[in-house]
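So the sequences go chain by chain: A and B.
The first sequence begins at 1 in our numbering and counts up one residue at a time.
The second sequence begins at 1001 in our numbering and counts up one residue at a time.
Please note that the accuracy of each hint is not assured.
Just a few of them, taken from the derived set where beta-carbon distance is under 7 Å, the chain A residues facing chain B [claimed, not checked]:
(1) Asn-77
(2) Arg-107
(3) Arg-108
(4) Gly-111
Distance windows between CB atoms, simulated [what the hints assert, rightly or not]:
(5) B/Leu-1077 x A/His-95: 23 to 31 Å
(6) A/Val-67 x B/Leu-1254: 31 to 39 Å
(7) A/Asn-77 x B/Leu-1103: 57 to 65 Å
(8) A/Asp-9 x B/Ala-1096: 25 to 33 Å
(9) A/Val-18 x B/Leu-1103: 52 to 60 Å
(10) A/Asp-58 x B/Ile-1100: 22 to 30 Å
(11) A/Gly-111 x B/Ile-1132: 50 to 58 Å
(12) B/Val-1026 x A/Ala-170: 50 to 58 Å
(13) A/Gln-232 x B/Arg-1195: 17 to 25 Å
(14) A/Ser-142 x B/Asp-1265: 23 to 31 Å
Footprint (simulated), chain A over chain B, 3 or more residues, beta carbon under 8 Å [to be verified]:
(15) 1090–1096
(16) 1176–1188
Treat the hints as calculated values from the structure; they're not laboratory data.
We put the beta carbon where it would ideally sit given N, CA and C, even for glycine.
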Amino acid sequence: MNEPKLVLDGVRKSYGDVGVLNGMNLAVEEHEVVCLIGPSGCGKSTLLRCVDLLDPIDAGEIRLDGVDVTARSVDTNAVRRRIGIVFQSFNLFPHMSVLDNITLGARRAMGVSRVDAEGQALDLLDRFGLAAQATSYPNKISGGQNQRAAIVRALMNDPEILLLDEVTSALDPELVGEVLGVIRELAGRGLTMILATHEMGFARDVANRVCFLHEGRVLEAAAPDELFMNPQEQRTQQFLQRVTEAGRL
Amino acid sequence: MIGRGRAYFDEEGARAGVIAVISTIVFFGGGALLVVNSANWPRVRDQFFSSSDFAAAWPDVLSGFWLNIELFAYSMLVIPLVALLVAVMRSLRGPAFFPIRLLSVVFTDVFRGIPLILLILLLGFGAPALQISGLPNSATFWGLTALTLSYSAYTAEIYRSGIDAVPESQRASSRAIGLTQWQSLRFAILPQAVRNVVPALMNTVVSLQKDVALISILGVRDATREAQIYTSRTFNYTSYVVAALLFLAISIPLTRLVDYYVGRDRARRSQSQV
């Protein structure tokens, strides 16, 4: 049997005394879009940070194509280049133009020439409607444009997996749509993605599978319609109930 | 900004301007009268503000002042580099870099902890006595070294505060695009950190420009030392005033430049919060 693209096997991670991931198991197939939902503090962001090796895990394994990438012998920088991540608050570098932001990794980490990197970046910017903003600085463009630029930056290395950490949470409501549109397009192209999100409607729309996280574990995972219409676990029901009351579903 | 300048010419502003002028004249004029009318003023005037002594002391003090300028220029070249190195050493992460971090901490603790004047005396008199081959034995060199070490320690802390002020998320996103720790520092963190602390660095430059005078305690013939020599020869203190004026001639424009830069920087930052 083929090993899935990404496997988290009993991953544990705590910050100080607080256990955030408590034996997390998750498998993601190639071309699959997995949405992580759950209350704040359930471990969604930490899971994504650990998968991109931004935080070391305490126990367990994270396997990419069957190889444990948390092993000491693995070159973490090389692993990070195979995975893209986009954060809630964009995190573009404020002292660089959008174009320099996007090409920095290719130019410095991958050794791509500036001309090639900029060519590739301009193609991507064009595709996501940002060509006019290429020379602008992050503080001169809107939040939605910032976030789309951050997605383009993450796409520059042709990542095998894209991680999206609540990428619309910091946006004004009228800007959410343009970012979700970009993600929808990427899903349509078959990019493997893991999304932590509070946009339940969007999760339902775009995900192949939705995982409800509770206290650092996947409590329930199912196809979106199934999970939203017919949640099995009481915790999931309560969470969805509250989300519905808040008008987010 | 423009509006504020113009306000002085408005009707309201004109009144304010007149009041400001009158109050300035009363305040400073009153102060001057107080000094000039004090019983010992004529003696003090001859001791500190004698024009003939001013002319006589000027050439030597000025030539000493060129040494101050020269030392200031050398330290300005070295301090930013040493300080940046120390700050970067301290901000490296991971257990393997512990000795480097420790070295950086010891450096800042020691050289920031010793009063500058003491450090100049210790190195200025102690180091030449060691007669280390290959290193200059002059008091000027070791005094300058002491000055550089002390200011580097302070400046390293300024850089470090700038590095700490860059949000952790910037480090995460630079690592996420595949940059190594060093590349992320070099291309993402340091440019932002330095920009954060430029005003603080420029203030350090102003105080460095004056502290160069401390090197005179080693007998190095800078402006202060030359002024002292003149005084001990003639028992007239006007030479000190000459030296003070020379320092002011540099430090006041420098301070204005810093103010201008900080103001512009602040305006630009507040503007950019879209």
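Results for each hint:
1. The beta carbon of A/Asn-77 comes within 6 Å of a beta carbon in chain B, closer than 7 Å, and the hint placing it at the interface holds.
2. This hint is violated: A/Arg-107 has a C-beta 9 Å from the nearest C-beta of chain B, more than the 7 Å allowed.
3. The beta carbon of A/Arg-108 comes within 5 Å of a beta carbon in chain B, closer than 7 Å, and the hint placing it at the interface holds.
4. Below 7 Å, beta-carbon pairs count as interface contacts, and A/Gly-111 has none with chain B, the closest being about 11 Å; its hint is therefore violated.
5. The beta-carbon spacing between B/Leu-1077 and A/His-95, approximately 25 Å, falls within the hinted interval of 23 to 31 Å.
6. The hinted window of 31 to 39 Å between A/Val-67 and B/Leu-1254 is violated, with their beta carbons roughly 59 Å apart.
7. As the Cβ distance of A/Asn-77 to B/Leu-1103 is approximately 26 Å, the hint placing it in 57 to 65 Å is violated.
8. Hint check: A/Asp-9 to B/Ala-1096, Cβ distance near 28 Å, so the stated range 25 to 33 Å holds.
9. In this structure the supplied range 52 to 60 Å is violated for A/Val-18 paired with B/Leu-1103, their Cβ-Cβ distance being about 33 Å.
10. Between A/Asp-58 and B/Ile-1100 the C-beta distance comes to about 26 Å, which sits within the given range of 22 to 30 Å.
11. Roughly 44 Å separates the CB atoms of A/Gly-111 and B/Ile-1132, a value that falls outside the hinted 50 to 58 Å.
12. Distance hint check for B/Val-1026 and A/Ala-170: the Cβ-Cβ separation is about 56 Å, which falls inside the suggested range of 50 to 58 Å.
13. The hinted range of 17 to 25 Å is not satisfied by A/Gln-232 and B/Arg-1195, whose Cβ atoms lie roughly 53 Å apart.
14. Between A/Ser-142 and B/Asp-1265 the beta carbons are some 25 Å apart, a value that agrees with the proposed interval 23 to 31 Å.
15. Only when three residues or more bring their CB closer than 8 Å to a CB of chain A does the claim for the stretch 1090–1096 of chain B stand; here the count is 0, and the claim is violated.
16. With 8 residues having a beta carbon nearer than 8 Å to a beta carbon of chain A, the stretch 1176–1188 of chain B meets the requirement of three or more and the stated coverage holds.
Hint compliance for this structure: hints 2, 4, 6, 7, 9, 11, 13, 15 are not met, and every other hint is.
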